[in-house]
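Q: Quick note, the sequences are listed as chains A and B, same order. By the count of my numbering, the first sequence reaches residue 463 at its end, each step adding exactly one. By the count of my numbering, the second sequence reaches residue 1331 at its end, each step adding exactly one.
Some hints could be false.
[Said to hold, decoys possible] Below, a list of computed lysine-lysine pairs in the DSSO-like style, where the Cα atoms sit at most 27 Å apart:
id: 1; chain 1: B; residue 1: K1209; chain 2: B; residue 2: K1302
id: 2; chain 1: B; residue 1: K1002; chain 2: A; residue 2: K189
id: 3; chain 1: B; residue 1: K1113; chain 2: B; residue 2: K1204
id: 4; chain 1: B; residue 1: K1190; chain 2: A; residue 2: K421
Calculated from the structure, these hints are not laboratory results. Every value quoted in this text rests on a predicted model; they were computed, and no experiment measured them.
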Amino acid sequence: MLFDSLQFILFYIVVTILYFSIRHRGRIWLLLLASCYFYLVFKPVYILILLVTIVVDYFAGIWIANSEGRKRKWFLVLSLIANIGFLAFFKYWNFFNDNLTHLLSLFGMVNHLPDYRLELPIGLSFHTFQAMSYTIEVYRRKQKPEKDFIIYSLYVMFYPQLVAGPIERPQNMLPQFHTFFRFNWENMKSGLMLMLWGLFKKVVISNRLAEMVDYCFDNPAEHPGLTLLVASVFYSFQIYCDFSGYSDIAIGAGRTMGFTLMKNFDVPYLSKSIGEFWRRWHISLSTWFKDYLYIPLGGSREGEWKLYRNLAIVFLVSGLWHGAAWTFIIWGGLHAVFQILARMRDRYLPFRVPKSDVLSVIFTFVLVTLAWVFFRAKGLYNAKVILGKLLTFDFFSGYSMPYSVNEFIFCWLLIAALFLKDIFATETSVKNTPVFYLKFAGLAVLCYFFGVFSGDQFIYFQF
Amino acid sequence: MKVLKYIALVICGFLWFLGCSRDTVVYLVDNGFIGDDFRYGDLYRLSNLSAYRVPAEKCDRPYRGAKVPVALYLAGDSFTEEGRVNRKEYATDRYFRSFVADGQVPLQPSDGKKILVIETVERHLRERFSEKPWMNWVVPQPAAAVPGPESFSFAGLYRALVDYKIPYREEMHESVLFSSDFILKIKEWKADFNYRIFGRVDPKVGVLKNQLVYDLDLAPGISSVYDPVPEEEISRIVKHANATREHYRSLGFDEVYLSIIPNKSSLLIRDDTAYNHLVERVEGHPDLQVPVISVWKAFTAKNYYQAGDSHWNCAGQKLWVDAVNERLSNH
């Protein structure tokens, strides 16, 4: 079910009203059933994967907590195998198989492994990571095992963040599912406002910019450098508005029911370095990798070269997490390289590079945008074509776009408005004043009149 | 407050149910509880541009003359669908119709004379005849032994699970919630504003010489009026049309007719050098043996299309039905 669909609006209203009409135990059941329905709408059969991982992780959590020594580790391994197994099979089998076929063909050999052409279950990477964080935290004794199967199931399946995050931690969510939240107007208003703002980012900005991006990235060889440059910049904002818009709706929907989900974005394009960018972009994933991969690998405690190695591992895995394709791996690798180079510059250059905040922000944005080319391009060849034209400054051989001039200008105005909102209006007052209701109604009207309701999925659903 | 809450719950719950039940929505439309969202035409329904809000014509002109004992088999598209062309308009009572794109339609037996009319809109002609003859109607095979109750298999269960979908259609909600004249007015404000300021219309619609047309006709692809059609492909279409005729004559039809309804857009750009002139080239091909029921020439003389719709108006429809009736009477 898409957040920007009529179906979701009705679903949300019915579930929220019912939620506040019943007692605590009923609410848990209601949210679980609603979440199941929410997921079933995409592709019903894949709920079986969720069911299996939920059962395995639920029991693994209890067994880990009740055992000592090596047994604890084995139960954790069992849980990780179940989670990573599904992820590996559904997400990486085709990729692995295709590459193996290619590799064997170089030696004149044939790959006999079955070719399943599996369809990726929606949100698999998200709920798998959330489930893994539970068993790892129980193993680390930072979280008590959840005895209530229904509440544990809801922890994995809570519909606002089920398919595209934020990837939550058990310490944040499980206690909230044990809490009875009374109806609170302030939560309701600020949650609805956040949902509306998320919707605005998706339907007004992201879907509009997507037209230019699709126009260029689908056939990059046909477009001149300047067109591709604009499309690349637009993609940076498209993906930001798309994903942060989704997160806003998720956080807002949770907030209206009393839940506090973690912040996922913090004005990432104002970052002054790639390191800072990753503290502001997809925060729930960055912190997941930090806690469960980077620090266990040794983090920055074991010398400079191991730090570089750890960064490389984390970002390559992060690239692979996003998608089973070489373009994603290169995207992750580029982010690792950028960070390693920045650290080497600070450590080995005999002089301090003069820094300007504005130039740092622009430079970081340029690097991020160049890396996004790999993220968005349909294959390595297309990425090479686009970067070839961008990096050779082929900007004077014409320009084309799928918009009118007015709409093109409007796109830039929207990007400017986005920055202004992110910088100056981080929190909206929810006091019972006419200004609040005017703002709310105004934003709703803008969403409707300027919205591009193309029915496109959110970009991060594919992960 | 509580009462309001439960009213909202009941209304939203009912609306949600409607999204999952097409039959209920059809019932509500048929009984006048909700407006038919096609009442101003299919293109207006998509674009909502106020300039094209003209009530779609309802043409119900029963045939006045004596009916002839010839069966009419019509494989047609949306131009001749029931509701647009009533079966009473034909000069025969023996009338069988199915959608031209439907495959494996069992041919219904009929005694006496019978003719087959294959009616297709220009934009879909190539996909229906370029690759192979049209043979979607098939002679039903003698009934096979009645199979027993299907035995359980894990493969079958797996297939059923994989294929299962939650019944829901967004169009149902659109029809129920947003098809009243009041809401259409608001939709028009949005559509007109976006068209005037950004030149933006619904992606399925194009504005060509101040007329609404399907974007499919203009966008690159096999359906486009601008897509070049090589002479070799025209010959193939003709060859396949002839083969279709031979096939159905061998199955007992007295004659097979081909009728290509021009796209609204083709008539608007017929003097444009980029237009592929598909209808004229097929209908005028020297090797074409299938008799055609052509409206091309008549349609170039004046406008036979509705303002907010991709289909013909009543005059255009009558012109075509009269031509079919003439063929029926001549057999």
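Q: Identify every previously stated hint that the structure contradicts and give their numbers, smallest first.
A: Of the numbered hints given earlier, the structure breaks just one, which is hint 3.
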